[in-house]
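There are 2 protein chains.
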Amino acid sequence: MTTQPDILISQDEASDAQETGPGVDKSRWYTDTVINAELADYAPVKGCMVIKPYGYALWENIKDALDRMIKDTGHQNAYFPLFIPESFLKKEAEHVEGFAPECAVVTHGGGKKLEEPYVVRPTSETIINYMFAKWVQSWRDLPLLINQWANVVRWEMRTRLFLRTAEFLWQEGHTAHATEIEAEEEARKMLEVYRQLAEDWLALPVLTGEKTERERFAGAVRTYCIEAMMKDGKALQAGTSHFLGQNFAKAFGIEFQNQSGQLEHAWQTSWGVSTRLVGAVVLGHGDDKGLILPPKIAPTQVVIVPIYKTDQEKDTVLQNCRTLAQTLKEQNVRVHLDDRDNLTPGYKFNHWELRGVPIRLNVGPRDVASKVVEIARRDTGEKIRGVAQNNIAFEIEGLLGAIQKSMFERAKNFRSDNTHEARDYAEFKDILGKGNYFIQCYFDGNSEDEGRIKEETKATVRCIPFAQANTPGKCMYTGRDTARRVIFARSY
Amino acid sequence: MTTQPDILISQDEASDAQETGPGVDKSRWYTDTVINAELADYAPVKGCMVIKPYGYALWENIKDALDRMIKDTGHQNAYFPLFIPESFLKKEAEHVEGFAPECAVVTHGGGKKLEEPYVVRPTSETIINYMFAKWVQSWRDLPLLINQWANVVRWEMRTRLFLRTAEFLWQEGHTAHATEIEAEEEARKMLEVYRQLAEDWLALPVLTGEKTERERFAGAVRTYCIEAMMKDGKALQAGTSHFLGQNFAKAFGIEFQNQSGQLEHAWQTSWGVSTRLVGAVVLGHGDDKGLILPPKIAPTQVVIVPIYKTDQEKDTVLQNCRTLAQTLKEQNVRVHLDDRDNLTPGYKFNHWELRGVPIRLNVGPRDVASKVVEIARRDTGEKIRGVAQNNIAFEIEGLLGAIQKSMFERAKNFRSDNTHEARDYAEFKDILGKGNYFIQCYFDGNSEDEGRIKEETKATVRCIPFAQANTPGKCMYTGRDTARRVIFARSY
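Chains as they are written, first to last, in this note's numbering: chain F, -6 to 485; chain W, -6 to 485.
Among these hints, one or two may not hold up.
No distinction is drawn between identical chains; accordingly, a pair holds when it is met within one copy or between any pair of copies.
[What the hints assert, rightly or not] Below are the DSS-like pairs computed for lysine-lysine, each with C-alpha atoms no more than 25 Å apart in a straight line: (1) K341 to K282; (2) K451 to K106; (3) K84 to K405; (4) K427 to K405; (5) K341 to K127; (6) K307 to K322; (7) K106 to K39; (8) K376 to K307; (9) K84 to K39; (10) K19 to K376; (11) K289 to K64; (12) K447 to K427; (13) K427 to K467; (14) K341 to K39; (15) K451 to K427; (16) K83 to K282; (17) K376 to K84; (18) K341 to K64; (19) K39 to K127; (20) K322 to K64; (21) K376 to K405; (22) K56 to K322.
Calculated directly from the structure, the hints in this document are not laboratory data.
Can you make the complete structure from the sequences, with help from the hints?
Right, here's the structure in full:
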């Protein structure tokens, strides 16, 4: 078990590592935090949840950021039906095998039994590609770059709020291209968009790479993914982008006349991320006190808590707080003044810490007199006293940026601390016997080998990273020579 | 048949009235326009449509405007499950009677028959109020002001793109309040938000008023609505807001402890508008050439069409067009340069007229030399030659505002021209025998009377307008004295 040598363990990260080390169960913590921070609630429908306003506001911020990126890369939003004729699913052999067992089926409508049952979309390749076949005739109709924001349903046995629910919200991109190269580039480009979303907005470092055959999307030629490490050392697949080759184009007859007048099948991609990202933010950053939200997606970036005893103090302090809130609002800071009268400051501190608000401003009578505030950082717990009010918007703006960056760096260090190298299977099992870690290793095993490893250790190949050293080594499982290095981990 | 005296018929409106007068069938025109302008396409699922990128962009602009208004009035977005246990629907007697016949039913999930079938939500009062009962305990938890953007399914027999489809997109607001007065105010406030959306954004004048018992939402105490007139004289219900009283609070047990410590049932509202609004814009403004879009919601506000013959002209003209596009973009004008090389200017004119783009800029070599452009207005067909390029952003901004206002005024005049007064039922039938009109009349008939009138004339009471003269008169149907004036019309 070799810790990567290039990592410096800071005091903070060391204690984090300990807190989330072997044997610590994050599962209970996760559910409690999601419920107590009012991100979601259980629904009276099997495997479904209710996304509460605070959780939905977080999702909206993620969605808005991604929607801009999707449009900036030339895609257009559209909307396709929720219901898919059962026969459509069967047109792509691998696809139906993968999804049919998870489908919810509508058998009756308007009081009558349907002639052909509909499945509630588990993903929309089939119905969208049926339409693409209608829309694509000539090379001039390509590329077709479509995205859809929608709900999908996959009947899951073991569900967990946000991470795995029967119904979830997502976007699904579907594209058709004239050439293989262009489709391949598209699949890679959208994975890069997902990497940017995860790293720049969610402050979650991700590995980018390809899935092995065993973990591939049903119907894809290649599946690319971003994989993040959670605070318990487990991996979370945070987004996937598929190069579909001509599989669906052949199944649905998407043909176009190329510039030489010949008919060809289109080359395709599909790609998606979901409300699972909300779970990723919770599990990727949270601590014992609750959520820690990256400023760029936090529904509330700054909360102001007034502190007073007498009625006179209350008037002075509240008036000052309102001015502060107004100043910050004018600078487009998402600020909230907690002026609830029936609660103590201490209660409010806990309330907003649980909800992960990045910055808290405490304002008492002395602060008002000295024209200063006290700043409390949620991510480090650090307090900065006596910050001048006359420059507050500038200070806050800078601090929000610093927190965003620092959260990313902390998560990156945490991942490095919990990524280990295994030279052989004994070492591999030894590491995973101690807890959840990413394991970097040479691996040239096949799907059956992966199955056996999963059975014995619960770990799977998360990805074959794009970044490969290309130095030869020995497969940790088969002992054969190989240059392929992969990341194994237990995952959500 | 008395035309309202306060209306001046302009040349334009007179010809419009003729175009859409008796006997003219707008149905075929509507469908052709929606398909040809690429707003939507038929889906291979009964009663469903595909919203194509242009139609979806229009919906997104409507949605974004409304979402801001909903948030500005203190509401928060959330998300509730797509599936509703069948037993939930049955808890409110009128509600189940109204919606059960329209439901799509999921009977199987994950390969097994479900113990209790789920209906796909036709509207979410039942599941949302089930959750509200969990969340509301004290008066401090009220008001609860929730909105959801979602898809809903109602099994419709006769469908029409956007106007009536089995699946549609909408927002549904659901609120709970401590007092009857507060809930009543909320229902009225949201109707006012809808009026603003319709009039200020869609440029569609609407009547605001109450529905008769016959047209009331299943489970509501009172239903308020906005009603717009389409270009064929038919009415379109464009949005509804319901005062639910305590009906659902009693059915689902939403009880709170009031400030005196007693348990009370909450008072509630629900309100919604849908993708039907896209259809309203098409039918409320379009002409023989296709769509006419109000600038504030048009996906493209300005299209630039370069006109050239030689390669040298092409270079000069295109370069100038790019500069113009950049200038307008910097002023946040949604501008598109149509630089397609394989199409003639004439083809492009038709293309963008069909799609209703408010302003077209034509730029030829002479315009470039004189540093001017030609402006063509979609709503009036008017052309303004020789507009100086050096002030173009200012000109365009002013013109977009003027078009928005002018479209609203034109629609308002059209409605006045096609609204008539009926003193008795003979006159009423006479008017409707000539075509589709709004009929203003005294009416104190009951639901059975309304049913007979509908059978004989296909017209229904669209609303009892809030604006009442409060002068007494005689019911046009029963002949009895009444002060209640209503609007009758045939409707979508």
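Here's how the hints hold up against the structure:
no., hint, result
1, K341 to K282, "within (13 Å within a copy, 60 Å between copies)"
2, K451 to K106, "neither (43 Å within a copy, 31 Å between copies)"
3, K84 to K405, "neither (43 Å within a copy, 52 Å between copies)"
4, K427 to K405, "within (21 Å within a copy, 74 Å between copies)"
5, K341 to K127, "between (57 Å within a copy, 23 Å between copies)"
6, K307 to K322, "within (22 Å within a copy, 48 Å between copies)"
7, K106 to K39, "both (24 Å within a copy, 13 Å between copies)"
8, K376 to K307, "within (23 Å within a copy, 63 Å between copies)"
9, K84 to K39, "between (29 Å within a copy, 20 Å between copies)"
10, K19 to K376, "neither (28 Å within a copy, 68 Å between copies)"
11, K289 to K64, "both (19 Å within a copy, 20 Å between copies)"
12, K447 to K427, "within (16 Å within a copy, 76 Å between copies)"
13, K427 to K467, "within (24 Å within a copy, 88 Å between copies)"
14, K341 to K39, "neither (34 Å within a copy, 52 Å between copies)"
15, K451 to K427, "within (13 Å within a copy, 76 Å between copies)"
16, K83 to K282, "neither (48 Å within a copy, 42 Å between copies)"
17, K376 to K84, "neither (60 Å within a copy, 53 Å between copies)"
18, K341 to K64, "between (39 Å within a copy, 24 Å between copies)"
19, K39 to K127, "between (37 Å within a copy, 17 Å between copies)"
20, K322 to K64, "between (28 Å within a copy, 16 Å between copies)"
21, K376 to K405, "within (24 Å within a copy, 60 Å between copies)"
22, K56 to K322, "both (22 Å within a copy, 24 Å between copies)"
The structure does not agree with the numbered hints 2, 3, 10, 14, 16, 17 stated previously, though it agrees with the rest.
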